[in-house]
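Sequences are here, hints too, so could you generate the full structure?
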Amino acid sequence: MSVEPEFSVIVNLSSLPKAGKTFSLAPSESERAAVAARLGSPRIDVFEGEVHIKATAQRIDVSGCVRAQMLRECVASLEEMDETVDDRFDLEFVRVDSAKDHGIVEDDAVDEPEPHSGDALDIGEILVQQLSLAMNPFPRKEGAESLARSYGGGASVTPFSAALRDALKSK
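Numbering (this note's numbering), first residue to last: 10 to 180.
Among these hints, one or two may not hold up.
[Unchecked claim] Computed beta-carbon distance windows for the label pairs:
{"no.": "1", "residue 1": "PHE147", "residue 2": "PRO168", "range": "29 to 35 Å"}
{"no.": "2", "residue 1": "GLY127", "residue 2": "ALA35", "range": "24 to 30 Å"}
{"no.": "3", "residue 1": "GLU38", "residue 2": "ASN145", "range": "22 to 28 Å"}
{"no.": "4", "residue 1": "GLU82", "residue 2": "ILE19", "range": "31 to 37 Å"}
{"no.": "5", "residue 1": "GLU92", "residue 2": "SER39", "range": "18 to 24 Å"}
{"no.": "6", "residue 1": "THR93", "residue 2": "SER179", "range": "53 to 59 Å"}
{"no.": "7", "residue 1": "GLU92", "residue 2": "PRO168", "range": "38 to 44 Å"}
{"no.": "8", "residue 1": "GLU101", "residue 2": "SER141", "range": "18 to 24 Å"}
{"no.": "9", "residue 1": "SER72", "residue 2": "GLU38", "range": "26 to 32 Å"}
No wet-lab data here; the hints were simulated from the structure.
Just so it is clear, the structure is predicted and the values come from calculations on it, not from any experiment.
The beta carbon of each residue, even a glycine, is placed where N, CA and C say it ideally should be.
Structure (structure tokens):
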């Protein structure tokens, strides 16, 4: 089953100049809304980036930056808060035929380049993935008090804790 990406910009690698090419990307309002839904964000106001691609017969080097201004939800209080993302990235892909020639296998090895086949590369999807990696995984609004602390009312007695307390007393 193939899923259509929310923001897609396909680059034909065989048409790139030898020195590579830089692309400036900025999704439309509807694409930003779809990306926000995918990333669990109430809203993305700004999302843009630059992606430089240089491709040879053996490898593809992708570098660039991603910038975003988005609305997030605090993990402690569930209040909405702003988050700014400004991050640089460098990626390396190895052509599948070249990967076999160099003994690179498809696994999750951190230091190995990712295999890539074909002459098409979706740099829009790469930018979305880099945004997701640069976002704070646990956004917390400054000064936010935990809902658990606010509504928990301190130590509570559960049937398990009462039984455990009684069992410990009888020993």
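Each hint, compared with the structure:
no.: 1; hint: PHE147 <-> PRO168: 29 to 35 Å; result: holds, 31 Å
no.: 2; hint: GLY127 <-> ALA35: 24 to 30 Å; result: holds, 26 Å
no.: 3; hint: GLU38 <-> ASN145: 22 to 28 Å; result: holds, 24 Å
no.: 4; hint: GLU82 <-> ILE19: 31 to 37 Å; result: holds, 32 Å
no.: 5; hint: GLU92 <-> SER39: 18 to 24 Å; result: holds, 21 Å
no.: 6; hint: THR93 <-> SER179: 53 to 59 Å; result: holds, 57 Å
no.: 7; hint: GLU92 <-> PRO168: 38 to 44 Å; result: holds, 41 Å
no.: 8; hint: GLU101 <-> SER141: 18 to 24 Å; result: holds, 19 Å
no.: 9; hint: SER72 <-> GLU38: 26 to 32 Å; result: holds, 27 Å
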